[in-house]
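Please construct the entire structure, taking both the sequences and the accompanying hints into account.
Chains as they are written, first to last, in the UniProt record's numbering: chain C, 1 to 405; chain P, 1 to 357.
Keep in mind that the hints were calculated from the coordinates and are not lab data. Honestly, I wouldn't trust all of these hints.
[Unchecked claim] Which stretches of chain P does chain C cover? Using the computed rule of at least three CB atoms under 8 Å from a CB of chain C, they are:
| no. | stretch |
| --- | --- |
| 1 | 87 to 95 |
| 2 | 99 to 108 |
| 3 | 170 to 181 |
| 4 | 247 to 253 |
| 5 | 290 to 304 |
| 6 | 344 to 355 |
Being a predicted model, the structure only gives us computed values, none of them experimental. Every residue, glycine too, gets a C-beta built ideally from N, C-alpha and C.
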Amino acid sequence: MALASLVALLHDDIMNDDVAARAEPVRPTQKPIRLIDEKGVPVEGAERAGFVLPEPEMLLDLYRGMVLARRFDVQVTALTRQGRLATYPSAFGQEACEIGAVRSLGEQDWLFPTYRDSIALLTRGVPPEQILSSFRGDWHMGFDPYEHRISPQATPLATQALHAVGLATAAKLKGDDVVALTLLGDGATSEGDAHEAFNFASVWQAPVVFVVQNNGYAISVPFAKQSHARTLADRAIGYGMPGYFVDGNDVAAMHAVTSAAVQNARSGGGPTLIEGLTYRIESHTNSDDPTRYRSKDEVAHWKTLDPVARLETYLRASGALGDELRQEIADAAEELAGATRDAMNTNPVLDPLELFDHVYAAERPALREQRAFLERELAATVSTASVSSGSVSTASVSAEPGSTS
Amino acid sequence: MTILDDNALGTSAATGSALTPSPSAVASPGTPAAPAPLSIAGALNAALRDALADDPSVVVFGEDVGPLGGVFRVTDALHATFGESRVWDSPLAESGIVGTAIGMAMYGLRPVIEMQFDAFSYPAFEQITSHLAKMRNRTRGRVSLPVVIRIPYAGGIGGVEHHSDSSEAYWTHTPGLTVVTPSNPADAYSMLREAIASDDPVIFLEPKSRYWSKDAVALPVRTAPMTRAQVLREGTDVTLIAYGPTVKTALEAATLGEAEGLSVEVVDLRSLSPFDDETVGASVRKTGRAAVIHEAAQFGGYGAEVAARVTERQFFHLQAPILRIAGFDVPFPSPQLEEHHLPTAERVLAALDTWEW
Chain C
1 MALASLVALL HDDIMNDDVA ARAEPVRPTQ KPIRLIDEKG VPVEGAERAG
51 FVLPEPEMLL DLYRGMVLAR RFDVQVTALT RQGRLATYPS AFGQEACEIG
101 AVRSLGEQDW LFPTYRDSIA LLTRGVPPEQ ILSSFRGDWH MGFDPYEHRI
151 SPQATPLATQ ALHAVGLATA AKLKGDDVVA LTLLGDGATS EGDAHEAFNF
201 ASVWQAPVVF VVQNNGYAIS VPFAKQSHAR TLADRAIGYG MPGYFVDGND
251 VAAMHAVTSA AVQNARSGGG PTLIEGLTYR IESHTNSDDP TRYRSKDEVA
301 HWKTLDPVAR LETYLRASGA LGDELRQEIA DAAEELAGAT RDAMNTNPVL
351 DPLELFDHVY AAERPALREQ RAFLERELAA TVSTASVSSG SVSTASVSAE
401 PGSTS
Chain P
1 MTILDDNALG TSAATGSALT PSPSAVASPG TPAAPAPLSI AGALNAALRD
51 ALADDPSVVV FGEDVGPLGG VFRVTDALHA TFGESRVWDS PLAESGIVGT
101 AIGMAMYGLR PVIEMQFDAF SYPAFEQITS HLAKMRNRTR GRVSLPVVIR
151 IPYAGGIGGV EHHSDSSEAY WTHTPGLTVV TPSNPADAYS MLREAIASDD
201 PVIFLEPKSR YWSKDAVALP VRTAPMTRAQ VLREGTDVTL IAYGPTVKTA
251 LEAATLGEAE GLSVEVVDLR SLSPFDDETV GASVRKTGRA AVIHEAAQFG
301 GYGAEVAARV TERQFFHLQA PILRIAGFDV PFPSPQLEEH HLPTAERVLA
351 ALDTWEW
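Below is the structure:
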């Protein structure tokens, strides 16, 4: 394949001792970085790894983001149980990772999320009905990527990480001040594309931040069967980039570390790999039965490490969050839940002929013919329905089934 | 677009120099040159050079496409002319090459990437089929991905395992992709320019056994639109439908057939997806007989699609069933056995002999 160039690189490094000349990668800490502990008390000492608590205003913003996200998540899970959505992968318990990471981005930056990261989209301002379009099943996605600078939520694992590296590289080539942040799960790090994304980003020094939300399970497979590494953040060393192992239920730490990584990328420092250690409280999706692969005790334990309660305790103790503000935020969350319910309780109006509109930029005769076929079929269906005045029958077809010539 | 320095894509010492394209170094696409012998590889090189010079959003990257100029030299001298920020060597990873090209195209670049050899494209299968082909559809037309994937394909060069596959059926079966393959130098230039200008992702299959076939061509040349098939030789008795490497085989069969008193029409498909029903249909209506020739295995192959389409539309004009002259249903053979696998002109004529005339 490309053996010649590989040998050349290796040779070059050994001969010129380039390896020593490169910046020493930051070794992830043994214990996860945290700024506020599970009791809501600020952490002192080595565990902070030199990071400082975000300003009170930012902490309140993160709190508000997490409260809204959780209410949204609970509401959508309920709507899924009522059959209003085909499926919904919940992020209950992972709010600190999602909100902490997304709030580190500037307006011009891009987000490359996965299917579980709906609350990250919400936090970045995408309206609920546009986020849920995909899970309700009316179209594969419902928002404008360029309006929100968010890529479609990726379902194949780790593929979107390469898109993030490509977009960030293009921005760098054009001289634009744009950082791309991509969210991955622990299972995704087993995919080849995760490796390729880490490697390409580091070789090209792309302004990318990889945030791995290690929530303990890839559907049912526990982390111990996913990787034998001590931490996923450790992998950064091998790619020649900084890696950070963070308490993923501490939104202050997630935000501080991710913000530093975004800043580093923005100033030409290249990519960073961040692992947030967290837990998925809910099932993988509504069709999953988590009691088959994890214990009640385990779930109960992680509930005591709740990221929202932790920050609330801290904010109340510090005086930044009083009853009035707390209620105001709770009311906003209820309002969001109501708006989400209203949006999802309306049946979407879909145009079947749109099926053919977005396959190619250039017109295709074959698709034009197939569109005309469906149009005839729909017309026949409507006329049958109006004659029988009964329910719309899907059995009614065109007189020329299959005819496209 | 800013042309960055050598370190545009990394901190390690990059090879070559980042030169802003100078008027003297870049062929001016506006001025036709005198016809001169030109190979398919040379035509592709010229097309890339002109596209890079004309449009600052065009970038070329992949394995060995930089200072080496590609293992087939299709990207020869482009790195020296356009610099590290326009033409560069990527890490050795095909999924990574396609995946990053997708992100670049989302940000307004027009990447032209190379898979080096046909079967090396398989690690990128997911990025091509799940993302490159579907992004426009997923985003309701909001995101265009003008990416060209160049894939040197098919056998006949004595390549070892994984260097001679014909993967066209995988790509043509994927809605969202345009799949084209030139068979001569003029088309190679014209179709690659058109593919790069297209807002749809294009799989650009290069018949590597024909890379060194030469014609007298005056550059820049524009041939028929890449989505149109071309009748390369007129005939009245039978239509041979071929593409890429088998066009030469079909033309040889036509010459042999003529000696036997058979009037053979040869259609070069050029575009596999979309399929040009009009040109192929007109030819078959004229001759009443058709055979399709390809190197890939027959079962589930592209020839089955051609035979089915033409039968559905031209059944009452046909005097005989449509034949497929294809590779055997075996993994592509070792170099010393490939001659038995590849369709030859003699094999084409022998197949035509099975019809009752």
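Tell me, which hint numbers fail for this structure? Violated hints: 4, 5 and 6; rest satisfied.
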